Amino acid sequence: MTTATQALDAKGLNCPLPILKAKKAIKGLNAGDTLFVESTDPGSVKDFEAFCRSTGHKLLESGEASGIYTYLIEKAA
Amino acid sequence: MTTDNQKRMCIIVTKGTLDWAYPPFILATTAAAMDVEVDLFFTFYGLQLLKKDLDHLQISTLGNPAMEMPMGGMHMTMPNLVSVIPGIDAVASTMMKNMIKKKGVASIPELREMAVESDVNLIGCQMTMDLFEWSQDDMIDGIEIGGAATYMEKALNSDINLFI
Numbered sequence: 158m159t160t161a162t163q164a165l166d167a168k169g170l171n172c173p174l175p176i177l178k179a180k181k182a183i184k185g186l187n188a189g190d191t192l193f194v195e196s197t198d199p200g201s202v203k204d205f206e207a208f209c210r211s212t213g214h215k216l217l218e219s220g221e222a223s224g225i226y227t228y229l230i231e232k233a234a
Numbered sequence: 044m045t046t047d048n049q050k051r052m053c054i055i056v057t058k059g060t061l062d063w064a065y066p067p068f069i070l071a072t073t074a075a076a077m078d079v080e081v082d083l084f085f086t087f088y089g090l091q092l093l094k095k096d097l098d099h100l101q102i103s104t105l106g107n108p109a110m111e112m113p114m115g116g117m118h119m120t121m122p123n124l125v126s127v128i129p130g131i132d133a134v135a136s137t138m139m140k141n142m143i144k145k146k147g148v149a150s151i152p153e154l155r156e157m158a159v160e161s162d163v164n165l166i167g168c169q170m171t172m173d174l175f176e177w178s179q180d181d182m183i184d185g186i187e188i189g190g191a192a193t194y195m196e197k198a199l200n201s202d203i204n205l206f207i
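As given, the protein sequences belong to chains A and B, one line each in that order. If you count by the numbering used here, then the first sequence holds residues 158 to 234, one letter each, in order. If you count by the numbering used here, then the second sequence holds residues 44 to 207, one letter each, in order.
Think of the hints as simulated: they come from the structure by calculation, not from any bench. Remember, it's a predicted structure, so these values are computed and weren't measured experimentally. Be a bit skeptical, because a hint or two may be false.
Stated by the list, open to error - Label-pair restraints from in silico Cβ distances: (1) A:Asn187 / B:Glu111: 45 to 53 Å; (2) B:Asn204 / A:Asn187: 32 to 40 Å; (3) B:Met142 / A:Lys203: 20 to 28 Å; (4) B:Val127 / A:Glu218: 49 to 57 Å; (5) A:Asn187 / B:Asn200: 28 to 36 Å.
Think of the CB as a built atom: it goes at the ideal place given N, C-alpha and C, for glycine as much as any other residue.
All chains, please: the whole structure from these sequences, using the hints.
As structure tokens, this is what we get:
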């Protein structure tokens, strides 16, 4: 696990819901806070990379273990 | 013309079936999540997607050779001939809605609600309202009504323009 400011369980959700839920969660955070996301959508790997590149939020870590994709995102200033 | 750095997307939404409702709402909500300002301009059958109740949205089995429904590990095609069976669209639509739910795909009402929440501008076409005799009371709250010039102004200021 991790010491993220907030955790989001997006397991079982399909595109674009993991991104939309993550955006909603990030909205409630302060700059520099982190969000930990769990997803079962294999498409979310490329999507979270693209989302972070476009919005400026920092993708600190990403990984996969037994079909669960995880992301640690730091909110941009 | 605007000269700020705000990115904008504008989509003309012309189709009112369940399957065609997905691309505009998926792109609109995702773009909004990526800080893009979004305008959706609903015209002709697309205006159906602004109605208060969306339960009537259906898919059609007619003229779609690409439609293959997963069934028991196989895929069932929908030949045009089955479209003459009374109620077949309702049956196929129910199958599709069940599949959508089972696979964790968002429903159209859910995506539309998220679009409204994320300040996507929903614009209904005045001419279509007149043509099909719909009033603003039939539509959800918070929409704008406009015409071709309204769209053009938005489109001229957009980085992305799509026709769906």
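For each hint, the structure was consulted:
In this structure the hint that Asn187 of chain A and Glu111 of chain B lie 45 to 53 Å apart at CB holds, the actual value being about 48 Å. In this structure the hint that Asn204 of chain B and Asn187 of chain A lie 32 to 40 Å apart at CB holds, the actual value being about 35 Å. Distance hint for Met142 of chain B and Lys203 of chain A: a CB-CB separation of about 24 Å, consistent with the stated range 20 to 28 Å. A C-beta distance of roughly 55 Å is found between Val127 of chain B and Glu218 of chain A, which places it inside the suggested range of 49 to 57 Å.
Evaluation of the 28 to 36 Å hint for Asn187 of chain A and Asn200 of chain B yields a pass: the beta carbon distance comes to about 32 Å.
Hint compliance for this structure: no hint is broken.
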